[in-house]
Amino acid sequence: MKHPSIDKLALYAGGELPFWTRWPMRRHVDGCAQCREEVALFAEVKTAVREETADTPAGVNWERLSAEMGANVRLGLEAADAISAYRTPVDMAPAQGMSWRMVALTSAFVLLLSVGYWLNAAKKSEQLAAMRGPEPFVAQASESAVEMSDGSKAMVLQGPKSHMRSAIVTVSTTGSAAAQYVDEETGQVTVNNVYVE
Amino acid sequence: MLTVHMSDPARQTTGNPGQEAAELQNRFIQEHMRRVFLIIYRIVGNVADAQDLTQEAFIKVLQRSEQLKDPEKAAHWLSRIASNTAIDFLRRHGRVNFTEIDSIVDPLIAEHEKNPEQTLLRRERNERLEDGLRHLTEKERTALILRDVEDVPAEEVARQMGCSMATVRSHIANARIKFRRYLERRKA
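If you read the sequences in order, they're chains A and B.
Per the working numbering, the first sequence starts with residue 1, numbered consecutively.
Per the working numbering, the second sequence starts with residue 1, numbered consecutively.
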């Protein structure tokens, strides 16, 4: 017959084995005198430990020790009470409560300001864009070229680069610019006109 | 003064809530002091540490006295706090040193005991127990005290000790085997 290990018998005696282990163990112990005796010995150990630990350590004056401990406990409670009473009104409870409310209030205020500022800035930007309108066209004429630009783009009509004898440049207030170039060799005249519409 | 809200049908009202609370606290301390001290003493192994830790456990419990709705639960809770306090102490200090009773200094030593024969028997039993407990590891001893002396369910022992059920079973089995062998050796 195979006996259970001593560990299992020790646990069986104290009722710590799980159900699925305890049940076959009970069957074995019920039919095995040797294991039954082992279990009984463990039960005796348990009783001995329980009885012996119930004694106050020998030589200890319990009345005096317990009175001392009781007084210290009461003193500790009084001290804890005094500390909490000192902290609660000023440092702890209101500070914690206020800080929570203050954080919420401040966050809401900052959010409101941010949204207001953002909406206002966007509106202003639209208004400025509307006021500014498109960039004006500019017509310019010089001895070498006639140019028309709107600030970002430009169109340039270059005059002849060689044998240029003279150039007549005119700019009118109605939005046109003109340049006349005369070639020295051929006497040919080149006229460039640009109009702004 | 902190208040203790324990439903005790036997208590008599004095009309002064502060005084009643103080009386309840005193009664609670007196009823459980010895039991709590012994749990802690058997775990940590010396009177001086057990005294400090017993006081600490009572202060912890009585500071949260609003949770003590009935005396039975309060006592159970106190036991848990007591064993946890002792286990935490062992974790922090990592040592157990069973004080030789002869080395305990006044005022803890009884100046004289009424029955010398009874004293001698008690001393022998104490020495046997403490010598036996000294053969166990810290965890085996804690598991044995909680399970076999305090009747704490094994699951709760595992929870309090912060280990698995399998580990706690192993500690309990080892403790019982070692203690049994120790007693057998002494008898022999």
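Mixed in with the good hints, there may be bad ones.
Stated by the list, open to error - With a straight-line cut-off of 27 Å between C-alpha atoms, the simulated DSS-like cross-links for lysine-lysine are:
no., chain 1, residue 1, chain 2, residue 2
1, B, Lys73, A, Lys8
2, A, Lys2, B, Lys60
3, B, Lys139, B, Lys187
4, A, Lys153, B, Lys73
5, A, Lys46, B, Lys60
6, A, Lys46, B, Lys73
7, A, Lys2, B, Lys139
No lab work stands behind these hints, which were simulated from the structure alone.
Now the hints, each set against the structure:
no.	hint	result
1	B/Lys73 with A/Lys8	violated, 33 Å
2	A/Lys2 with B/Lys60	violated, 51 Å
3	B/Lys139 with B/Lys187	holds, 26 Å
4	A/Lys153 with B/Lys73	violated, 89 Å
5	A/Lys46 with B/Lys60	violated, 31 Å
6	A/Lys46 with B/Lys73	holds, 25 Å
7	A/Lys2 with B/Lys139	violated, 31 Å
Of the numbered hints stated above, those contradicted by the structure are hints 1, 2, 4, 5, 7, listed in ascending order.
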